[in-house]
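Undergrad: Sequence:
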Amino acid sequence: MNNSALLELSRKLSFDVAGIVIDDVALALEMPLTYFEKYKDRLDERCINEPVEELAWICLVDVLLEHQLAFEIDWKESGLYVCDVVDELLDRKKLASIDWEEFESEPYNEMPTDEFLNHVAKKLREAAVSLAYMDIDSDSYVLITVPTADIDEIKRLAEEAEVVINDSF
Numbered sequence: 660m661n662n663s664a665l666l667e668l669s670r671k672l673s674f675d676v677a678g679i680v681i682d683d684v685a686l687a688l689e690m691p692l693t694y695f696e697k698y699k700d701r702l703d704e705r706c707i708n709e710p711v712e713e714l715a716w717i718c719l720v721d722v723l724l725e726h727q728l729a730f731e732i733d734w735k736e737s738g739l740y741v742c743d744v745v746d747e748l749l750d751r752k753k754l755a756s757i758d759w760e761e762f763e764s765e766p767y768n769e770m771p772t773d774e775f776l777n778h779v780a781k782k783l784r785e786a787a788v789s790l791a792y793m794d795i796d797s798d799s800y801v802l803i804t805v806p807t808a809d810i811d812e813i814k815r816l817a818e819e820a821e822v823v824i825n826d827s828f
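For the sequence shown, the residue numbers in this note's numbering are 660 to 828.
FYI, nobody ran anything at the bench for these hints, they're computed from the structure.
A quick note: this is a predicted structure, and the numbers were derived from the prediction, not measured.
Ideal placement from N, C-alpha and C gives every residue a C-beta, glycine not left out.
Please note that the accuracy of each hint is not assured.
[Said to hold, decoys possible] Okay, the calculated beta carbon distance ranges per label pair: (1) E709 / R670: 24 to 32 Å; (2) F674 / N825: 18 to 26 Å; (3) W734 / E818: 20 to 28 Å.
[To be verified] Mimicking DSS-like on lysine-lysine, the simulated pairs with C-alpha atoms at most 27 Å apart in a straight line are: (4) K752 / K781; (5) K782 / K814; (6) K814 / K671; (7) K782 / K735.
Starting from the given sequences, assemble the full structure and let the hints guide the process.
TA: What follows is the structure in structure tokens.
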């Protein structure tokens, strides 16, 4: 894992809580055992019983979740619940509001989650916002929203850090 790329990625995703996010990720990178002991309960929920190689990545995901800068949904969620989640992410970062009325129709409610998320992502791109997910090798999506102008750099930093952020579902 490229520590400097992960720290820069952390800064880019941290919006208004950069100090908290950077401090946690740096702790996980530099003193994994200390981080593990401090957040043992949180990590236990992910079935992590000891410091693992991906600890700093999981740390970044968890601290973003804690500060409502990311939202984890099950792989089989769809419909307006996903739209509500995205609304919360947009509101938290003071990004454009979206009218989801077209997504209330029957075909959207029956779609598999990945297909539905692609439709949501397309709608967001019209407002210059990218919907992406942080891959934690789980049966869930950790969703984030970022200005479309930033998504290529965020994906580049993720690749450099040897983690995955993807805007295709």
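Undergrad: May I ask you to test the hint 20 to 28 Å on the CB atoms belonging to W734 and E818?
TA: At 23 Å between Cβs, range holds.
Undergrad: At the C-beta level, are E709 and R670 separated by a distance inside 24 to 32 Å?
TA: holds (28 Å)
Undergrad: Is K814 close enough to K671, meaning Cα to Cα at most 27 Å?
TA: holds (11 Å)
Undergrad: Given the hint that K782 pairs with K735, does the C-alpha gap stay at or below 27 Å?
TA: Distance of about 20 Å is within 27 Å: holds.
Undergrad: Are the Cα atoms of K782 and K814 separated by 27 Å or less?
TA: holds (20 Å)
Undergrad: Measuring from beta carbon to beta carbon, are F674 and N825 in 18 to 26 Å?
TA: Given about 20 Å between the Cβ atoms, the range holds.
Undergrad: For the pair supplied as a hint, K752 and K781, is the alpha-carbon distance within the 27 Å limit?
TA: It holds: about 19 Å lies between the C-alpha atoms, which stays within 27 Å.
Violated hints: none; the structure is consistent with every hint.
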